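Undergrad: Below are the chains, spelled out letter by letter.
There are 2 protein chains.
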Amino acid sequence: MLEKLFNPESIAVIGASRTPGKVGHDILKNLLTGDFSGTVIPINPSADTILDLPCHKSLAEYGQGVDLCIIVIPSKFVIEATRDAIKAKAKAVMVISAGFKETGEEGRKLEEAVRDICRSGSARLLGPNCLGLINTTVGLNASFAGFMPEKGGISIFSQSGALCTAMLDLAASRHLGLGKLVSIGNKADISEVDMLNELANDDDTTVIVGYLEDIINGDEFIKAAETASAGKPVVILKSGTTPAGQKAAASHTGVLAGSETAYGAAFKRSGVIRADTFDALFDYAALFSMQPLLKGKRILIITNAGGPGTMAADTVEKAGLEVAELDINTASALKDKLPRAASIGNPIDVLGDADPERYAEAVKVGQADESVDGIVVILTPQAMTQPAATAKAIAEEIDGSKPVVAAFMGGTEVMSGRDELARAGLPDYDSPERAVDALRAMHEYALWRNRPPRRVTRFRVNRRKVERIIRRHQQTDRLFLGEVRAKDILKAYGFNTPGGRLASSTEDAVEIAQMIGFPVAMKIVSPNIIHKTDLGGVKLNLTNPAQVEDAFDLMVMRTRQKAPEAVIEGVFVEKMADKGLEVIIGMHRDEQFGPMLMFGLGGIFVEVMKDVTFHLAPITESEAIQMLKATRSYEMLEGKRGQKGVDISAIANCMQRISQLTTDFPQIRELDINPLIVTDNEPMVVDARMTLDELNTMGRTSR
Amino acid sequence: MLEKLFNPESIAVIGASRTPGKVGHDILKNLLTGDFSGTVIPINPSADTILDLPCHKSLAEYGQGVDLCIIVIPSKFVIEATRDAIKAKAKAVMVISAGFKETGEEGRKLEEAVRDICRSGSARLLGPNCLGLINTTVGLNASFAGFMPEKGGISIFSQSGALCTAMLDLAASRHLGLGKLVSIGNKADISEVDMLNELANDDDTTVIVGYLEDIINGDEFIKAAETASAGKPVVILKSGTTPAGQKAAASHTGVLAGSETAYGAAFKRSGVIRADTFDALFDYAALFSMQPLLKGKRILIITNAGGPGTMAADTVEKAGLEVAELDINTASALKDKLPRAASIGNPIDVLGDADPERYAEAVKVGQADESVDGIVVILTPQAMTQPAATAKAIAEEIDGSKPVVAAFMGGTEVMSGRDELARAGLPDYDSPERAVDALRAMHEYALWRNRPPRRVTRFRVNRRKVERIIRRHQQTDRLFLGEVRAKDILKAYGFNTPGGRLASSTEDAVEIAQMIGFPVAMKIVSPNIIHKTDLGGVKLNLTNPAQVEDAFDLMVMRTRQKAPEAVIEGVFVEKMADKGLEVIIGMHRDEQFGPMLMFGLGGIFVEVMKDVTFHLAPITESEAIQMLKATRSYEMLEGKRGQKGVDISAIANCMQRISQLTTDFPQIRELDINPLIVTDNEPMVVDARMTLDELNTMGRTSR
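For the protein sequence lines, the chains are U and C, in the order given.
The numbers in the numbering used here rise by one with no breaks, and the one at position 444 of the first sequence is 444.
Just remember that the numbering used here sits 703 ahead of the position in the second sequence, which is counted from 1.
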């Protein structure tokens, strides 16, 4: 799809320059330096030749078509140049020049104009404000980055051009081969979504690495990332945390769900491996590009020193991996091959004077041991150590059946060994901790890849009823749905609520209470009151008619006093719910990624401990159960100290129904069920509320 | 104190060898290669000269005294050699040879014999099973490590010889100068405590770096580390996490307080900067050795690329530091010096084409700005970037008033800049995240250095009474103190308990209840029952004589049924405590570091959320308040949603009293007050228990 961008037959450079150091010169030079075999046409009105190539005054003067047009002139001339490119039938335009969206409103308009011109000619636009791209497959360096990297399977896209150069440089010094390197700049047209789609289908790419500061479209990103991740690992470093306090949303879920949480949920959903640091980005990419996937989490550590072995074992435990228990045959094989003083447990200590053969033997038996899923080889430079020969000996034993990583610790003395490791395709890390962290990332990706197929259950619900309620409220601009309406909607989606009715007078209240049976709860109903309890608008456990009378009169009186402008619709009289655990289920619609479901135990668990988990809707049953299990307070649900546990799958069922509701109705902006009372039986919605989006002028929701 | 070890005038090598590659050869060679100007005497019965030095058959044959004796012969001959060394009046003995404690019981005895011989001659012993030591001040390489490091202020001690070599190598490749490097091996005599004391008083050492797997003596370690930290930073990497489940202690505090927690508390108390990874060890050491301490936490970021600037700002926030708000004068100064497109906020973006002067200007104004405490300079290699010249230009501006760190990102292209940074004494990191993490560690150390003086309050208590209770129980081997006795002890230390008495009959119980007034609580009293509630041995809120009668009879009957062997002393009848928040205060005596105090909110906070904090006794008031504030549930104490907060300082007072009690009585092994009811008034001990140590045969506690 981006064929003409990555693999053009002819490239025009509008703004080619004779002056070394100028971008228009360096790009041209880079185009000529690599193995690129297509035509390169420098365009410059005031030069006859540049770098021995005939130069043209304009594309029009050149007169023939071009595939890719690289524009390197001041921003105010870019529109004209883009028009020329389209006239020359370019199918790809790359605008290196800055001076667009990043400079403000005027620049943004200019950028949109350039994009629209490209679209009108069915050309794709890279940039503006970018570094260009490199495609090692065809030896194309269409960037002003200094040099052509080694060929390899890691392809990179980056929203920061400067990081592109740093990554290019780092990859070279770590001997990591690259496929494509793309600076996506301002992302006027080609964005992270295009890159994910493109690189997913690119046979030369085995690992996709990305640096992002924001995302253009959450849904599309998730779709593209999920598809890409299904085929090959996608490692992303995302910077740009939302400043604290930027959000001031209306409900609980909204407050708890920051945009970082949403990115986390989106990455998790789509199998993206998140790198938290710049180091980690390459630590992970190196492992993924060089080694097979982990099949389990049992790690063998081989070391010539006790200390670093212990450090590695510590990190394995902390990372949620396991220190493998070796097979009995492995132990006896090692006993034969290693000196008596060697430790043949795990870590295997091949001793300080270990020669290459000892390392090789240990790797060999570890690789053959079925109770080992991955191997970390640690080497410290001691008197007898031969780093280079050891690296070679290890490399010869590698059969590709399971990932093997190395931590050759030190500096100059182990450098020869590190070079050998790189040559042999063995990822090497500065410390055991980083080696193990890379395996952890791989393990999490492997779990995602092997996850059961996602089957989202569709429940039979009364969708038309909800549609009517929502439409009526939106049309009359009553966007906050209090307890009564929210419960009507939830009932239509299969939730249980305690029986109850709205009472408009004291007598009415008593009559309802007697009909549904004592004890009852009573709650004031007003579209203007969100925190009923704070106004004394809730009374629980009323056991006789006199209490109901008193509660009604007091409640109405106090509400009138404290909130005189509030419209009181009546008092909701409801059967008291059975005792059980209180949980909270919520939904907050993230601007980028849509409906984020929240789960937590109620009361202090959510209010004080913020012990909640999130997941993007739609959700499957196993994902819902994972959400419950991921709370720190999960054991409360299982039952503590001989207390009966609650019905976990019934809660998961509720999560799925909310998932369906919020997928069916994008008009619902926020939703909270708090509390949902859960027992070993059917959960019961005791209180709930929702907020809707405004209708926009088209009579549709504004979203 | 270790003068003859680090600065000997004469050194004998027992086991010197002519064969290159043998340790006895390499050490001798290393001794001769450096600037060491003292006498070196090779000892070998079958050689005339080694490395052109006259060789002696034995120390006796040599006939003169020596300061330091290095022993490099098989372990079975080491005792004899050590005796020779003492006869030659050696004041320091270094045993390189392995084959001691690490091999088992026999080796341990051998090791102790060697140590005792040294002690009898007032000689200090390094090792056995070590790599030796290096002292760059006098050019002494008394180790078999390959080369002499650059001179510098970082001194290292390590329990792993292999890590010594890796650190030596790494220091060289990061251009870090070292003072002393000591491999402490099996620590038969010289341990981490000696090293801390020695390096604290060593003028050539500015930063102490240690690698430890265990600690010989917790009290001494804390004392030595605290003294050392007061003068210079101590950075320690500690490996060897306790395997899960090793501990099966009796009470709550014991279960929650693992040995890792104890190390954490000990390091925190003594100002030790803990490195979690091998990378961090050097990241921190580099910063501390090269730059002045942070005076505050406001960080300025200077960058030539937006992305990495954002990454740094993210990390600053996450690390608990602050992105500095620049002074208005800084902004206007920058406006004059930088191009219009540059961002003069924080991060300061000097733009992709920044020359060295722009960086220098930014550093200069940042250094002058009083609202900046530390500076991170980020450089990515772009087309116009001059890494080396930029490093030089920055270095020229540094005035040493605040720490400046760099992250020159990339590999080969920025290497020249990194070398310049190292030369200029500017620490440089692979990524902005690691640069900021080092500043975080420095900030925490600075906070510790500037902490208010520790003044431990001594309360007036009835110590003699507690002494009597404890002695009586130890003598009769009743080591578990139930509620009644534990409360007696706590009362003697100034705690409040609800009034109450032990009832031995139903009538007795009713009489006590009427005397103290209803409502009352009743609890079974038996030395054999730890979990009263589980046996139905607790009844609360009894409001009349009939209920008290029923409770007494039922309780005794059920206990007899369910625990027929339990000795029932009676039933404790107690006034019901007022309502309030439940907190738990505990003490668990760590084997290494002594009394670890614990605090947490009761109920689910501790049982489900494990939301507890620890501190080593003795504790000051401000430390106690810190413990409370460090719980995630602290806001419960402050009062939530208009509820009244509790008396924080009253809880801190209780913590301090427990601190005093457990410091006064090392016989108390475990202690739990659960719950302590806290209100806005005096806290009340509602339940408590303690465990004592056994008396040993000497009539003293076994500890």
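In case anyone wonders, no lab produced these hints; they're calculated from the structure.
Note that the structure is a prediction, hence the values are computed from the model and not measured.
Please note: incorrect hints may appear among the correct ones.
[As the list claims (entries may be wrong)] With the Cβ distance kept under 7 Å, some of the chain C side facing chain U (calculated, not the full set):
#	residue
1	Phe847
2	Ser1046
3	Pro1084
4	Met1312
[Stated by the list, open to error] Simulated DEER-style distance windows between Cβ atoms:
#	chain 1	residue 1	chain 2	residue 2	range
5	U	His531	C	Glu1338	17 to 27 Å
6	U	Gln626	C	Gly1023	29 to 39 Å
7	U	Ala60	C	Glu1020	32 to 42 Å
8	C	Ile1233	U	Ala566	35 to 45 Å
9	C	Pro1230	U	Gln561	27 to 37 Å
Glycine included, C-beta positions come from ideal geometry on N, C-alpha and C.
Undergrad: Compare the structure with the hints numbered earlier in the document and write down the numbers of the violated ones, lowest to highest.
TA: Structure breaks hints 2, 7, 8, 9.
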